[in-house]
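Chemist: Sequence:
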Amino acid sequence: MEQGMRELPRAADVQQTLVTSFTIGGVGLHTGEYAFVRVRPAFADEGRYFVRVPRGTNAARFELRSDVVEVPEEALAEPMPAPDAELEGAKVELYMKYMHAQESEGYEGSFVEYLRSTDAAPLDAAEREALKQAIALAARMEGEDADAADVALPDEIELEEEEPVAMDQAKEVITPANVAFAQAEEGVPFITLHSAEGEGEAGEPDYVINPTLLLAALEACGVDNARIEIEGGHEVPVLDNSALGWVLNIQQSGVRTAPFRDAAAAAAAAAAAADAADGAATGEGGEPWPRRLALVPEEGVAVQRGESFIALHPGAFTKLTAGVDVQDAAPVIGQQWYSWRPLRDYHFRYELAPARGWVDSVDALFELRGSGHGRNVSEGLFVIGHGTRWWDPGMVRFNNDEPTRHQLALLVGALSLAAGPGHTGLPTGHIVAFNADEALMVEFVRALLEACERQESSVIDCADLLQAQVALSEQEAAAREARGAPRRARDATLADLGGPAVAAEEEEEEGEEEEEGEEQRPAGGA
Numbered sequence: 001m002e003q004g005m006r007e008l009p010r011a012a013d014v015q016q017t018l019v020t021s022f023t024i025g026g027v028g029l030h031t032g033e034y035a036f037v038r039v040r041p042a043f044a045d046e047g048r049y050f051v052r053v054p055r056g057t058n059a060a061r062f063e064l065r066s067d068v069v070e071v072p073e074e075a076l077a078e079p080m081p082a083p084d085a086e087l088e089g090a091k092v093e094l095y096m097k098y099m100h101a102q103e104s105e106g107y108e109g110s111f112v113e114y115l116r117s118t119d120a121a122p123l124d125a126a127e128r129e130a131l132k133q134a135i136a137l138a139a140r141m142e143g144e145d146a147d148a149a150d151v152a153l154p155d156e157i158e159l160e161e162e163e164p165v166a167m168d169q170a171k172e173v174i175t176p177a178n179v180a181f182a183q184a185e186e187g188v189p190f191i192t193l194h195s196a197e198g199e200g201e202a203g204e205p206d207y208v209i210n211p212t213l214l215l216a217a218l219e220a221c222g223v224d225n226a227r228i229e230i231e232g233g234h235e236v237p238v239l240d241n242s243a244l245g246w247v248l249n250i251q252q253s254g255v256r257t258a259p260f261r262d263a264a265a266a267a268a269a270a271a272a273a274a275d276a277a278d279g280a281a282t283g284e285g286g287e288p289w290p291r292r293l294a295l296v297p298e299e300g301v302a303v304q305r306g307e308s309f310i311a312l313h314p315g316a317f318t319k320l321t322a323g324v325d326v327q328d329a330a331p332v333i334g335q336q337w338y339s340w341r342p343l344r345d346y347h348f349r350y351e352l353a354p355a356r357g358w359v360d361s362v363d364a365l366f367e368l369r370g371s372g373h374g375r376n377v378s379e380g381l382f383v384i385g386h387g388t389r390w391w392d393p394g395m396v397r398f399n400n401d402e403p404t405r406h407q408l409a410l411l412v413g414a415l416s417l418a419a420g421p422g423h424t425g426l427p428t429g430h431i432v433a434f435n436a437d438e439a440l441m442v443e444f445v446r447a448l449l450e451a452c453e454r455q456e457s458s459v460i461d462c463a464d465l466l467q468a469q470v471a472l473s474e475q476e477a478a479a480r481e482a483r484g485a486p487r488r489a490r491d492a493t494l495a496d497l498g499g500p501a502v503a504a505e506e507e508e509e510e511g512e513e514e515e516e517g518e519e520q521r522p523a524g525g526a
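FYI, in full-length UniProt numbering the residues of the sequence shown are 1 to 526.
Treat the hints as calculated values from the structure; they're not laboratory data. Please note that the accuracy of each hint is not assured.
Stated by the list, open to error - Pair by pair, the computed Cβ-Cβ distance ranges are: (1) E7 to V362: 34 to 42 Å; (2) D363 to R487: 49 to 57 Å; (3) A478 to Q327: 38 to 46 Å; (4) R446 to E476: 47 to 55 Å; (5) H430 to P393: 41 to 49 Å; (6) Q327 to A196: 37 to 45 Å; (7) E7 to I460: 21 to 29 Å.
Think of the CB as a built atom: it goes at the ideal place given N, C-alpha and C, for glycine as much as any other residue.
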C-alpha cells in the first residue's frame, strides 16, 4: 500500500460509507472459483448489497503483487546520516512495536507496511519525524525511491471522495446482504445469499456464496452502505480465511458520512430529524444526516440444535461471547470462551479480524475437502488442531483463543444480515454462542427479528447509544478514581512520616499477607 493507512474506521452515530472503492481478486474457499470483488461507496439508506457485473468490469483494477522483495546493493551501501539520539530511540521503539505486533497480534506485513499503517494522529513532532524517517529507510531497503521529506503520514493524506453509483433494481441483478435472502443449512459450512430479482449470466437468479467475513469487516468498521460488485465466480474470495484483509482495505479506503441519493431523500431525513426529540440526525449547520439505528430486543431470544445454542440476554449495550468445546477431538483447543464489546474493547481489526478459520484435526480438513464444499481447502488457510498440539504452530495468531475469536467474527457477519438498509445489525444485549455454525447463526438472526417485530418499539438511535456508553465510561472512571483515593492519601501520609522506604515496606507487608491468604484458601474457593 503506497501512501499509508488511514485511521481505523469505526461505527458512528450516523450512516457511513466508503470514501473511495477498493478491488480484491481471489479464489473461493468452497467453490475454487476465481472472482473479483469491488467494494464501492453507496448512498444512505441503500445498505450493503451485491451486484453481478459482466466479466472485465473490474478485473483490471486488481493487480497481483509479489511479496518477494529484492534489496538492491546500493540501498544497503547508502551512507547513513549522523544519528540523533532522540530520533534513533523513537525508531527502535517503532521496531519493537512491530515485533510485538508480529508475535502477539499475528501481523504478517513487512516493516514498512506496519509503519504506514501506524496511526500518526497522537504522535508529537519528534515521533512523527522518527516515523517518517523509518518509513523512508524501510522503503529504500525494499527498493523504493523514498525520502523522509516526501513521506506523507496517514492523517496528512486526503482522499478524493468517490461518487456513489445509485442502485438500479430495474436493470441490475441485486443481492441484498439481508437475512431475508439468506440460505444456510446444517452441514453446509457457508451462507448463500440469493438475488432479490433479475437473472444471472446463465439465465437463472444470481447468488453469492460465503460473504460472512467481508460483511463482518464492513459491519465492524461502520460501513453501513456499500455497493459490492462481484465478477467471475459466485464466491467471495477467501483471502487468508480471516477478515483482516477486508479490514485493511476498508481502512485504506476510508469512511465518511453516507450522502443522500437526492433532494427528496435529504428532505425525508430532515423531517425525521425534526421528529427526533434530540435532533441527533442533523449536523452543525442544520443539514440532515442519515440516522443510524440499532435493534433493541426487550425479551430473550434463543435457538438450539443439540448441545449448540445461541442466546440473547437483553441489555443496554452490545456484548458478544463465543464458546467452543472440542476437548475430546483436540485438547489443544479444548473448551474456550471469548467476549468482545464493540463500543468498549479494542478494535475489531486487532481483536477478531486476524483470527483464521479452524478445524479440530487434519482428518476434519480432508473431510471438508472430500465433501464437495471445500475445493480450495488447504493447510495454509486453517488453524488445525492435532491432539495436544497444533499441526502447524506457525499458523496460529492467537495462542489460546483463535477458534473463538474466529467464531465471533463469523457471528458479527451473520448479525449484519439483521440490519435494515443503512443501519447496524448488532443489537443491544449480550449474545452468547456455543459451538454454533453459520446455519444456527442465520436461524438466530431470524428469531431475533421476529422477537423485535412483536415489540411496540424495537430500535434506538445510535447517537443515543453512543452517548449512553460515554456516560457509563465516565461513571466507571469516576468510581475507579474514588476507590483509589484512600490508598493515595495513605501513601502520601506514609511518605510524609518516613519517606518512600516506609511506604515500600508497607506495600511489601501487604503483599506477604495476600500471599499467605492465597496459600490458606482452599482449592476452588471464592
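Chemist: Now tell me if each hint is right for this structure.
Modeler: We went through each hint and held it up to the structure:
no.: 1; hint: E7 to V362: 34 to 42 Å; verdict: 41 Å, holds
no.: 2; hint: D363 to R487: 49 to 57 Å; verdict: 55 Å, holds
no.: 3; hint: A478 to Q327: 38 to 46 Å; verdict: 43 Å, holds
no.: 4; hint: R446 to E476: 47 to 55 Å; verdict: 35 Å, violated
no.: 5; hint: H430 to P393: 41 to 49 Å; verdict: 33 Å, violated
no.: 6; hint: Q327 to A196: 37 to 45 Å; verdict: 43 Å, holds
no.: 7; hint: E7 to I460: 21 to 29 Å; verdict: 26 Å, holds
Going down the numbered hints, you'll see the structure goes against 4, 5, while the others check out.
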